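Chemist: Chains as they are written, first to last, in numbering that gives the first Met the number 0: chain A, 0 to 257; chain B, 0 to 223; chain C, 0 to 639.
Take the hints with a grain of salt, since some may be wrong.
Calculated cross-link-like contacts (lysine-lysine; reagent style DSBU-like; alpha-carbon spacing at most 30 Å) [stated by the list, open to error]:
#1 C:Lys-393 - C:Lys-322
#2 C:Lys-466 - C:Lys-25
#3 A:Lys-146 - C:Lys-371
#4 B:Lys-83 - A:Lys-246
Covered stretches of chain A, as calculated for chain B (at least 3 residues, CB under 8 Å) [unchecked claim]:
#5 91-103
#6 219-226
No wet-lab data here; the hints were simulated from the structure.
Keep in mind that this is a model prediction, so the values were computed, not measured.
We put the CB at the ideal spot given by N, CA and C, even for glycine.
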Amino acid sequence: MNLTLQVWRQPGPTAEGGLKEYKATDVSPDMSFLEMLDVVNERLIEKGEMPIAFDHDCREGICGSCGMMINGVAHGPSRGTATCQLHMRSFRDGDTIVIEPWRARAFPVIKDLVVNRGALDRIIAAGGYITAPTGSAQDANSIPVPKQDADASMDAAACIGCGACVAACPNGSASLFTGAKISHLGLLPQGQPERYRRALSMVAQMDIEGFGGCTLFGECQAACPKEISIDVISRMNRDFLRAAVTKPAERSGGGGDG
Amino acid sequence: MWALTLYRSTIGKKIIMAVTGLVLVVFVIGHMAGNLQEFLGPARMNAYAAFLKSTGELLWIARIGLIAATVLHVLMAWQLTQIKRAARPVDYTKREPQVSTLASRTMRWGGVFLLVFIVFHILHFTTGTVFPIASQPGDQFSHTDVYGNVVSAFRTPWVTAFYVVAMLFLLLHLFHGAWSSVRTLGLSKPSDHPLHRRISTVIAVVVWLGFSAIPVAVLLGVIR
Amino acid sequence: MTLQLDARIPAGPLAGKWDRHRFEMKLVNPANKRKYTVIVVGSGLAGGAAAASLSELGYNVRCYCYQDSPRRAHSIAAQGGINAAKNYQNDGDSIQRLFYDTIKGGDFRSREANVYRLAQISVNIIDQCVSQGVPFAREYGGLLANRSFGGAQVSRTFYARGQTGQQLLLGAYQALEKEIAKGGVTMFPRAEMLDLIVVNGRARGIVVRDELTGKIEPHLADAVVLATGGYGNVFYLSTNAKGCNATAIWRAYKRGAAFANPCYTQIHPTCIPVAGEHQSKLTLMSESLRNDGRVWVPKRKEDVGKSPTDVPEQDRDYYLERKYPSFGNLSPRDIASRAAKEACDDGRGVGPGGRGVYLDFADAIKRLGEDKIRERYGNLFEMYERITAENPYKVPMRIYPAVHYTMGGLWVDYNLMSTIPGLHVAGEANFSDHGANRLGASALMQGLADGYFVIPLTIGDYLASTKLEQVGADNAEVRAAVAEVERRTSRLLGIKGKRTVAQFHRELGRIMWEYCGMARDAAGLRKAMELIPQLREEFWRDVMIPGSGAELNQTLEHAGRVADFLELGELMCRDALHREESCGGHFRTEHQTPDGEALRDDEHFAYVAAWEYGGEGREPVLNKEPLVYENIKLSQRSYK
Numbered sequence: 000m001n002l003t004l005q006v007w008r009q010p011g012p013t014a015e016g017g018l019k020e021y022k023a024t025d026v027s028p029d030m031s032f033l034e035m036l037d038v039v040n041e042r043l044i045e046k047g048e049m050p051i052a053f054d055h056d057c058r059e060g061i062c063g064s065c066g067m068m069i070n071g072v073a074h075g076p077s078r079g080t081a082t083c084q085l086h087m088r089s090f091r092d093g094d095t096i097v098i099e100p101w102r103a104r105a106f107p108v109i110k111d112l113v114v115n116r117g118a119l120d121r122i123i124a125a126g127g128y129i130t131a132p133t134g135s136a137q138d139a140n141s142i143p144v145p146k147q148d149a150d151a152s153m154d155a156a157a158c159i160g161c162g163a164c165v166a167a168c169p170n171g172s173a174s175l176f177t178g179a180k181i182s183h184l185g186l187l188p189q190g191q192p193e194r195y196r197r198a199l200s201m202v203a204q205m206d207i208e209g210f211g212g213c214t215l216f217g218e219c220q221a222a223c224p225k226e227i228s229i230d231v232i233s234r235m236n237r238d239f240l241r242a243a244v245t246k247p248a249e250r251s252g253g254g255g256d257g
Numbered sequence: 000m001w002a003l004t005l006y007r008s009t010i011g012k013k014i015i016m017a018v019t020g021l022v023l024v025v026f027v028i029g030h031m032a033g034n035l036q037e038f039l040g041p042a043r044m045n046a047y048a049a050f051l052k053s054t055g056e057l058l059w060i061a062r063i064g065l066i067a068a069t070v071l072h073v074l075m076a077w078q079l080t081q082i083k084r085a086a087r088p089v090d091y092t093k094r095e096p097q098v099s100t101l102a103s104r105t106m107r108w109g110g111v112f113l114l115v116f117i118v119f120h121i122l123h124f125t126t127g128t129v130f131p132i133a134s135q136p137g138d139q140f141s142h143t144d145v146y147g148n149v150v151s152a153f154r155t156p157w158v159t160a161f162y163v164v165a166m167l168f169l170l171l172h173l174f175h176g177a178w179s180s181v182r183t184l185g186l187s188k189p190s191d192h193p194l195h196r197r198i199s200t201v202i203a204v205v206v207w208l209g210f211s212a213i214p215v216a217v218l219l220g221v222i223r
Numbered sequence: 000m001t002l003q004l005d006a007r008i009p010a011g012p013l014a015g016k017w018d019r020h021r022f023e024m025k026l027v028n029p030a031n032k033r034k035y036t037v038i039v040v041g042s043g044l045a046g047g048a049a050a051a052s053l054s055e056l057g058y059n060v061r062c063y064c065y066q067d068s069p070r071r072a073h074s075i076a077a078q079g080g081i082n083a084a085k086n087y088q089n090d091g092d093s094i095q096r097l098f099y100d101t102i103k104g105g106d107f108r109s110r111e112a113n114v115y116r117l118a119q120i121s122v123n124i125i126d127q128c129v130s131q132g133v134p135f136a137r138e139y140g141g142l143l144a145n146r147s148f149g150g151a152q153v154s155r156t157f158y159a160r161g162q163t164g165q166q167l168l169l170g171a172y173q174a175l176e177k178e179i180a181k182g183g184v185t186m187f188p189r190a191e192m193l194d195l196i197v198v199n200g201r202a203r204g205i206v207v208r209d210e211l212t213g214k215i216e217p218h219l220a221d222a223v224v225l226a227t228g229g230y231g232n233v234f235y236l237s238t239n240a241k242g243c244n245a246t247a248i249w250r251a252y253k254r255g256a257a258f259a260n261p262c263y264t265q266i267h268p269t270c271i272p273v274a275g276e277h278q279s280k281l282t283l284m285s286e287s288l289r290n291d292g293r294v295w296v297p298k299r300k301e302d303v304g305k306s307p308t309d310v311p312e313q314d315r316d317y318y319l320e321r322k323y324p325s326f327g328n329l330s331p332r333d334i335a336s337r338a339a340k341e342a343c344d345d346g347r348g349v350g351p352g353g354r355g356v357y358l359d360f361a362d363a364i365k366r367l368g369e370d371k372i373r374e375r376y377g378n379l380f381e382m383y384e385r386i387t388a389e390n391p392y393k394v395p396m397r398i399y400p401a402v403h404y405t406m407g408g409l410w411v412d413y414n415l416m417s418t419i420p421g422l423h424v425a426g427e428a429n430f431s432d433h434g435a436n437r438l439g440a441s442a443l444m445q446g447l448a449d450g451y452f453v454i455p456l457t458i459g460d461y462l463a464s465t466k467l468e469q470v471g472a473d474n475a476e477v478r479a480a481v482a483e484v485e486r487r488t489s490r491l492l493g494i495k496g497k498r499t500v501a502q503f504h505r506e507l508g509r510i511m512w513e514y515c516g517m518a519r520d521a522a523g524l525r526k527a528m529e530l531i532p533q534l535r536e537e538f539w540r541d542v543m544i545p546g547s548g549a550e551l552n553q554t555l556e557h558a559g560r561v562a563d564f565l566e567l568g569e570l571m572c573r574d575a576l577h578r579e580e581s582c583g584g585h586f587r588t589e590h591q592t593p594d595g596e597a598l599r600d601d602e603h604f605a606y607v608a609a610w611e612y613g614g615e616g617r618e619p620v621l622n623k624e625p626l627v628y629e630n631i632k633l634s635q636r637s638y639k
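Required output: the full structure, derived from the provided sequences and hints.
Modeler: Written out as structure tokens, the structure reads:
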């Protein structure tokens, strides 16, 4: 098939950017979206032009490097699919595809479709962990974790940190990302001692980074390649509210209560 | 201080919106239930109005509470809108909403419209300030005959139309707001379909029907 | 031989070596730890865990990764699980058994002491990860669940759905972020190590190119840890991430670190087959699928074009179950891969180009129900369907082997230190534990063992027992290393030829897959050793790299990596050619048993081949570290 691409080109962080048109010819429906871009890029390089810069690495939907706005939809038209796993069979011959970078103040554009997502790392650094220094652990089976809690925790832990939730959110909010980590850790008994300080510090960092607030459009959930549910946002808010209002004592044990 | 912690954070601001929103939802439902007494005739309706007025200070406490809730609700909405604007300084040339509802996307402008409506509504039926322009020629606003005020106002078709349209906005606002407030407060249980909103749909539709029934009934001559 | 390959294996009985060594190693006083700076290159399981643990101990750590975040390292893509000798299933597992399985799985080409330590530490890893909040799969009673994996008859693999690597990496990454927030680790994302700085024979730093600004600068330290992963991308198509590269270890090799067993590559049997010329990478389907899937091809060539459901049971050849009745579909990776290749070479392969075999879940679905299968492998099935547009619940998957892991890597001693003092190597980047073939679910185990439990201790021993002089950016050797990187970068940019980097990479991949892939022979390897230098020469004459070095230039990054692959590929072929035996992932067609199994030559080849850089234009020098087996008896590996 033959496609027309309109790609955001921006030579550098402070440079002016704009949409530029490219023809993608002889595209096979079995190609992934990134393989289609590879082909376009190779033709550009052969002409001595700068190829379209985009982040990508594992190309199997797990590293979270790739991500672009494809026809106004984060990661494109397939649900639960990262850009690298989107295949060209989702498009039709003659389609025009508009490709833009993630857009948020907290995700400044570096070049073309490459943005800086360091803000997400800093949210994790603010408290998205369990303090368990190497060597301090007891036997893995000494604390049983109910299967449903472990499963729910895993659902939230599946986040790949791609930033599609922010990109798709009309408010530019990172609530799904932050809520996912708070839920992953808060659902496990190991995560209880730091549960409430974690909620306070991660939420504070989210604000410092300049993300917008959540108004529960639900767009994040639809954009998430791992289909993480907005339930994690409710959980984050609950933990945050309890932490802010009642300042609960830090405790051990317990589990996925509340 | 916890209130400050809330006020300083986007989630806290949203929590304040949710709490004030829920206060207003409860008020709206009560208000609607009270209004429906219009169908029971002038004696009942006016007696109800008189009862409310007889509560004196309590009424003022309620009024101040509602005004405070509204002001906080609007203030937080305004601040969150500013934060949202700042969060994406360069917008997409193309964006296609996937699952967000019309209701969620019209919360801000719909909210502004509702605010205008509320002001109008208070000037119309509480103080009577704008009553003359919206009622039948010759009818006078009366602080005791609430029933009569209603009948007089809604015999004017554009007034009925305006109220019914306003209630459509309220329907949308409640459809998203009643649901999202509960989620924002973290009171919802995890769900396989977190975007489904049964209770708020019922609230939104009932409130819309309840409020719209009165002006429509007046216009159709059912209430006279 | 010029190199002294002293593996520094502690004396005493096997089971007590690590304990004894921990006692004998010198310690750095807690107050002095913060005076030392350690560079960790790579932020995957080995690097991330090492950086976090070293910082917890009090060292100043500087950690580097080429990705935009340390969370993206390719460890994240490991699917199936991580082994540990916990014996939670009471099925006869033990440290001794995990040790033996790993040595045997590696076809008796790994070091006893290292592997035994790995088996011992495996137990602590699971404890550590659980306490970090890794959401491993659990039974209804709340205890940890296990699954089986290839090459083992016990159930010792811990898993988190099909995303075990992701969850383990996130655990290490979160610990790393915690240390970054505390100031113990300085993180340098989007930074590529382009050379090693060796001063007075010791590793003292690295030369780094900032990918955003193009700035090339020296970063100095008291010790350097390379945890930069494997070199599977030398084949162009592999299950590695696109960015995975050998540059760090190759630069270290050229600075004097010996490269051990470069020819040992693992070809993973269960990957999604190539769909066409445009293919940019291959996607793995976890080995765990072989727990419930049955591998088959049609018995007759005439049936390969038929729909799989139209081939009746009696016309199917479940070749793994037929050839290896006791391990069946759970035969080790090298054996399963070669068997698939044989079936396809025999003309019985299915799918485009006849390069595929079926992995069929019909029986398991019948036995356990679709829901159970969905619970176990749902995300893998979805991934398969996204890529191929076929529903594996209804039609069998098509799979084919693909390059997955490289057992070879920089030579290290028991302390994971290379032949350059101060240069430690962890994870897939070293050669240490897997011999000639790695068992499934063992890479995660090794990466974390190295990172959490070995490197943090052995670095201390090195620092405590070494006197280091001050080295500044104005040091002659530092300046020379920086100048060398600058020269090389501008040379690459100055070529302005006609062909793209990807074209050269694909061409190299074709040569490697053809002549140094699943089956190798002397004639083919010699041919490859002629073709690769030609291709390399062409590359340096005709490659096209647009843009400048002072900006984000992904083509330039790729070109530097391919330039190194073009040298490493040749060394791999040289190693494969010299190893006149078959073992594990290295299969020489000249050396096989009458029924086509790998035929080892323990008399002549029970050693580690550690190649030493010979200088520009000169041949590398082969050094040998004999493998001494004191605790197990070498045997012909059999999974029948």
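Chemist: Indicate, hint by hint, whether the structure satisfies it.
Modeler: Taking the hints in turn, this is what the structure says about them:
As the CA atoms of Lys-393 (chain C) and Lys-322 (chain C) are separated by approximately 27 Å, the hinted pair is consistent with the 30 Å bound. Straight-line distance between C-alpha atoms of Lys-466 (chain C) and Lys-25 (chain C) comes to about 13 Å, which keeps the hinted pair within the 30 Å bound. Under the criterion of a C-alpha separation no larger than 30 Å, the hint pairing Lys-146 (chain A) with Lys-371 (chain C) is consistent with the structure, at around 15 Å. This hinted pair checks out: Lys-83 (chain B) and Lys-246 (chain A) have alpha carbons roughly 29 Å apart, not beyond 30 Å.
Restraint check on the region 91-103 of chain A versus chain B: 4 residues with Cβ-Cβ distances below 8 Å, three needed, restraint holds. Proximity of the region 219-226 of chain A to chain B, defined as three or more residues with a beta carbon under 8 Å from a beta carbon of that chain, is established by the 3 residues found.
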